[in-house]
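Colleague: Sequence:
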Amino acid sequence: MIYFDNNATTPPCPEALEAASAALRDCFGNPSSAHAAGRKAKKLLAESREKTASLIGARPDEIVFTGSGSEADHLAILGTWETAVRWNSKKKRIVVTGIEHPAVRKTVKKLEEAGVDVAWVPPAAGGRVSAEAVGEALTLDTLLVTVILAQNETGVIQPVKDITARAHACGAYVHTDAVQALGKIPVNVDDLGVDMLSLAAHKFHGPKGVGALYVRTGTRLGAIALGGGQEHGLRPGTENLAGIAALAAALEAATKTLARDTPRIRALRDRVAEGTLKAFPAARWNGDREHLLPNTASLSFPRLRADMLLLALDVDGICVATGSACHSGALEPSEILKAMGLDDEAARSSLRISLSRFTTEAEVARYLEVLPALLQRVVRKA
Numbered sequence: 005m006i007y008f009d010n011n012a013t014t015p016p017c018p019e020a021l022e023a024a025s026a027a028l029r030d031c032f033g034n035p036s037s038a039h040a041a042g043r044k045a046k047k048l049l050a051e052s053r054e055k056t057a058s059l060i061g062a063r064p065d066e067i068v069f070t071g072s073g074s075e076a077d078h079l080a081i082l083g084t085w086e087t088a089v090r091w092n093s094k095k096k097r098i099v100v101t102g103i104e105h106p107a108v109r110k111t112v113k114k115l116e117e118a119g120v121d122v123a124w125v126p127p128a129a130g131g132r133v134s135a136e137a138v139g140e141a142l143t144l145d146t147l148l149v150t151v152i153l154a155q156n157e158t159g160v161i162q163p164v165k166d167i168t169a170r171a172h173a174c175g176a177y178v179h180t181d182a183v184q185a186l187g188k189i190p191v192n193v194d195d196l197g198v199d200m201l202s203l204a205a206h207k208f209h210g211p212k213g214v215g216a217l218y219v220r221t222g223t224r225l226g227a228i229a230l231g232g233g234q235e236h237g238l239r240p241g242t243e244n245l246a247g248i249a250a251l252a253a254a255l256e257a258a259t260k261t262l263a264r265d266t267p268r269i270r271a272l273r274d275r276v277a278e279g280t281l282k283a284f285p286a287a288r289w290n291g292d293r294e295h296l297l298p299n300t301a302s303l304s305f306p307r308l309r310a311d312m313l314l315l316a317l318d319v320d321g322i323c324v325a326t327g328s329a330c331h332s333g334a335l336e337p338s339e340i341l342k343a344m345g346l347d348d349e350a351a352r353s354s355l356r357i358s359l360s361r362f363t364t365e366a367e368v369a370r371y372l373e374v375l376p377a378l379l380q381r382v383v384r385k386a
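Position one of the sequence shown corresponds to residue 5 (this note's numbering), numbered consecutively onward.
To be clear, the hints were calculated from the coordinates, so they are not data collected in a lab. Check each hint, because a few of them may be wrong.
[Unchecked claim] Derived DSBU-like pairs (lysine-lysine); straight-line CA-CA distance at most 30 Å:
hint: 1; residue 1: Lys113; residue 2: Lys96
hint: 2; residue 1: Lys165; residue 2: Lys47
hint: 3; residue 1: Lys46; residue 2: Lys212
hint: 4; residue 1: Lys94; residue 2: Lys114
hint: 5; residue 1: Lys44; residue 2: Lys94
hint: 6; residue 1: Lys110; residue 2: Lys165
hint: 7; residue 1: Lys165; residue 2: Lys95
hint: 8; residue 1: Lys114; residue 2: Lys212
[Claimed, not checked] Label-pair distances were calculated between CB atoms; the ranges are:
hint: 9; residue 1: Pro306; residue 2: His236; range: 47 to 57 Å
hint: 10; residue 1: Ala129; residue 2: Asp274; range: 14 to 24 Å
hint: 11; residue 1: Leu372; residue 2: Glu54; range: 17 to 27 Å
hint: 12; residue 1: Ser36; residue 2: Thr261; range: 27 to 37 Å
hint: 13; residue 1: Asn192; residue 2: Ala118; range: 32 to 42 Å
For every residue, glycine included, the Cβ atom is placed at its ideal position computed from N, Cα and C.
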């Protein structure tokens, strides 16, 4: 099997597997317990928190472990809003981009339906939101700006640092969903300046079911679930220690080799994309290539259906993703690609190819070898 769908999830790296196994075997205690087993678990939890924090330029007490990146997004948005309401804050506005992950988009939409003032900022044709456009949506009563760091479908990197500077000038908090960015580009919270940042372990070769939210000291954020006082009182529930240890180990491994891996991954990605465009000259690359994750290519194939391409590739043992979603048997065009100006047909014909540091030259060569005949078969059936 050739796996080119690493923006959906990644295979766990050896470091993550070893960390999870060791935690399950040796640190089964509850970190909240006062006895020896609990103290041992608490020590590993603290070490994992310190490691995670150091890898993104944060302090250990600014890291809140969650069950996923989506949960971290929910906590950032709802926790900020509900806290502002409790404090009778005069800040009532949320500014959000039109290219967010559903975890952000649907959460903000729910608040908007409840009467919250929400400003949606669309991207330019290349899939990048301009800091100027966000600035025009800001008002002195803006509570929160939420902007994705790297778009999961297109890989386009957003100007979060510039947006943050503008938002802070209005006294607004900034949250960034960095789930797709960690492990692919350098991420440092002080450099970005953001107040909150979401991440998920399974996007950088850690396990599923564990994520984290960075919360800058001084940010007014409250819990959105009730229970124990774990995670600084912000996320109740006994900690997933094996997952947390594996998250920290995976992030450390990804960060350690990032500078070395990035040029190779980018070169492989370019070979895949350019070979695809050569095999199907009518195809187009979606997204601003000047601001792009090194592993990602979103490609549209006019007159072809992406689901047919995906199935044909799957038969040949190659895993990719479509830029569409299937709802009730109907292929719905990607909202992200439509926001970038693609029509329904182009959005329905898009594939996302996303590599990882474990992608090999041989896998890319095999993909390029089978692609021409595969495309001919799909064209005949179109």
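Colleague: Next, verify each hint and record whether it holds.
Modeller: Evaluated hints:
At most 30 Å may separate the alpha-carbon atoms for a hinted pair to count; Lys113 and Lys96 meet this at roughly 15 Å. Between Lys165 and Lys47, the direct Cα distance comes to roughly 34 Å. Violation of the 30 Å bound is thereby established for this hinted pair. Restraint check for Lys46 and Lys212: satisfied, since their Cα atoms lie roughly 21 Å apart, inside the 30 Å limit. Pair hint Lys94 plus Lys114 holds up; C-alpha atoms about 20 Å apart against a cutoff of 30 Å.
Of the pairs offered as hints, the one joining Lys44 and Lys94 is violated, with about 45 Å between alpha carbons and a cut-off of 30 Å exceeded. Taking the CA atoms of Lys110 and Lys165, the gap is near 24 Å; set against the 30 Å cutoff, the hint holds. With a C-alpha separation of about 22 Å, the suggested pairing of Lys165 with Lys95 holds against the 30 Å cut-off. The straight-line distance between the Cα atoms of Lys114 and Lys212 is roughly 26 Å, inside the 30 Å bound, and the hint therefore holds.
Hint check: Pro306 to His236, Cβ distance near 51 Å, so the stated range 47 to 57 Å holds. At about 21 Å, the beta-carbon gap between Ala129 and Asp274 stays in the expected band of 14 to 24 Å. Leu372 and Glu54 have their C-beta atoms about 44 Å apart, which leaves the hinted 17 to 27 Å range violated. Taken as a hint, the range 27 to 37 Å holds for the pair Ser36 and Thr261, whose Cβ atoms sit roughly 35 Å apart.
A hinted range of 32 to 42 Å holds for the C-beta pair Asn192 and Ala118, which are about 35 Å apart.
This entry does not satisfy hints 2, 5, 11, going by the numbered hints stated previously.
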